[in-house]
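Quick note: the sequence shown uses this note's numbering, first residue 1, plus one each step.
Read the hints as simulated data drawn from the structure, not as lab findings.
Treat the hints with care, since some could be wrong.
[Said to hold, decoys possible] Cut-off 27 Å, straight-line C-alpha distance, at most; resulting in silico cross-link-like pairs (DSS-like, lysine-lysine): (1) Lys138 / Lys162; (2) Lys174 / Lys79; (3) Lys24 / Lys8; (4) Lys138 / Lys79.
[Said to hold, decoys possible] Okay, the calculated beta carbon distance ranges per label pair: (5) Lys162 / Leu78: 53 to 63 Å; (6) Leu176 / Leu78: 19 to 29 Å; (7) Glu66 / Asp253: 24 to 34 Å; (8) Tyr82 / Lys243: 38 to 48 Å; (9) Arg75 / Phe144: 19 to 29 Å; (10) Thr72 / Met252: 52 to 62 Å; (11) Met252 / Ser229: 22 to 32 Å; (12) Ser215 / Ser146: 40 to 50 Å; (13) Glu63 / Lys24: 48 to 58 Å; (14) Tyr54 / Ser229: 20 to 30 Å; (15) Asn241 / Gln147: 36 to 46 Å.
C-beta atoms are modelled at their ideal positions from N, C-alpha and C, and glycine is treated no differently.
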Amino acid sequence: MHKKDKKKYLNILLVPDNQEAPPKSFRLKYSTLNFIVVFLAVALVSVVFGIVTYSRVLQAALEKAERENELTQLREQLKVGYELQAQLDTIKAYKDKVRNSLQGYIKFAERAREQSYDPETLVETQAKATLLTTLPLKSPVVGFVSQEFRWPEHPGLDIVAKEGVPIQAAGDGKVLFSGWTNDFGYSIILYHPGGYLTYYSHNSQNLVSIHQEVSQGDVIGLVGNSGISSGPHLHFEIWKNGKPQNPRLYLMDLNNLGE
Numbered sequence: 001m002h003k004k005d006k007k008k009y010l011n012i013l014l015v016p017d018n019q020e021a022p023p024k025s026f027r028l029k030y031s032t033l034n035f036i037v038v039f040l041a042v043a044l045v046s047v048v049f050g051i052v053t054y055s056r057v058l059q060a061a062l063e064k065a066e067r068e069n070e071l072t073q074l075r076e077q078l079k080v081g082y083e084l085q086a087q088l089d090t091i092k093a094y095k096d097k098v099r100n101s102l103q104g105y106i107k108f109a110e111r112a113r114e115q116s117y118d119p120e121t122l123v124e125t126q127a128k129a130t131l132l133t134t135l136p137l138k139s140p141v142v143g144f145v146s147q148e149f150r151w152p153e154h155p156g157l158d159i160v161a162k163e164g165v166p167i168q169a170a171g172d173g174k175v176l177f178s179g180w181t182n183d184f185g186y187s188i189i190l191y192h193p194g195g196y197l198t199y200y201s202h203n204s205q206n207l208v209s210i211h212q213e214v215s216q217g218d219v220i221g222l223v224g225n226s227g228i229s230s231g232p233h234l235h236f237e238i239w240k241n242g243k244p245q246n247p248r249l250y251l252m253d254l255n256n257l258g259e
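Using the sequences and the hints given, assemble the complete structure.
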């Protein structure tokens, strides 16, 4: 009976370095020892499994973040590509429009030269040439249209451009007004033959004075953000005999980057 109980226990003897202290002994059941060993083994396996699982989850998260970053960059590149293509298409259309306008001018000049021997034809040709400069046919500023003509809500075009960009007279005429208004800030009104008026508003500076004669293409002011305005742009209007006109029907060289 004693030998059987002895096999169930593990005797542990602790001998201290201090010889004066008596040695200590412990008895530990083999079943308890086995439990401790199994527990430690399970704990070790769990820790290793947890580390491996965490590493895999972390690696997957990093790979997902990297893929999302690459996808975002690809989308940005595609967006830039689409925008560049749209700008190229618009510029091409603008060049075609300018080319057609120039071809019209060239044909007009050739006919004038061929018919210059006829005094009546020459007078008629000169009158047509004068009409091209007196009518408000020239775009007053280089930019893109942010708001179209809509009567009566918006009787003109808003052309966005950088502050300080020169504003040109749309046609030959005389300055009727050059000053400040509460809503439109610094503004200019030109009178053109044929009952036409052109309005140039939200300027940062007016460069002409009342009663001054101007020619088509003369710089009359600078683009600004004066008055009630959300940003630098030119508000441009054309009126004929007291009625508002859609400037797109007149401006032959209007930059269409805003379309």
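Cross-check of the supplied hints:
no.	hint	result
1	Lys138 / Lys162	holds, 19 Å
2	Lys174 / Lys79	violated, 47 Å
3	Lys24 / Lys8	holds, 20 Å
4	Lys138 / Lys79	violated, 34 Å
5	Lys162 / Leu78: 53 to 63 Å	violated, 28 Å
6	Leu176 / Leu78: 19 to 29 Å	violated, 51 Å
7	Glu66 / Asp253: 24 to 34 Å	violated, 49 Å
8	Tyr82 / Lys243: 38 to 48 Å	holds, 40 Å
9	Arg75 / Phe144: 19 to 29 Å	holds, 25 Å
10	Thr72 / Met252: 52 to 62 Å	violated, 43 Å
11	Met252 / Ser229: 22 to 32 Å	holds, 27 Å
12	Ser215 / Ser146: 40 to 50 Å	violated, 28 Å
13	Glu63 / Lys24: 48 to 58 Å	holds, 56 Å
14	Tyr54 / Ser229: 20 to 30 Å	violated, 58 Å
15	Asn241 / Gln147: 36 to 46 Å	violated, 25 Å
The structure shown violates the earlier hints numbered 2, 4, 5, 6, 7, 10, 12, 14, 15.
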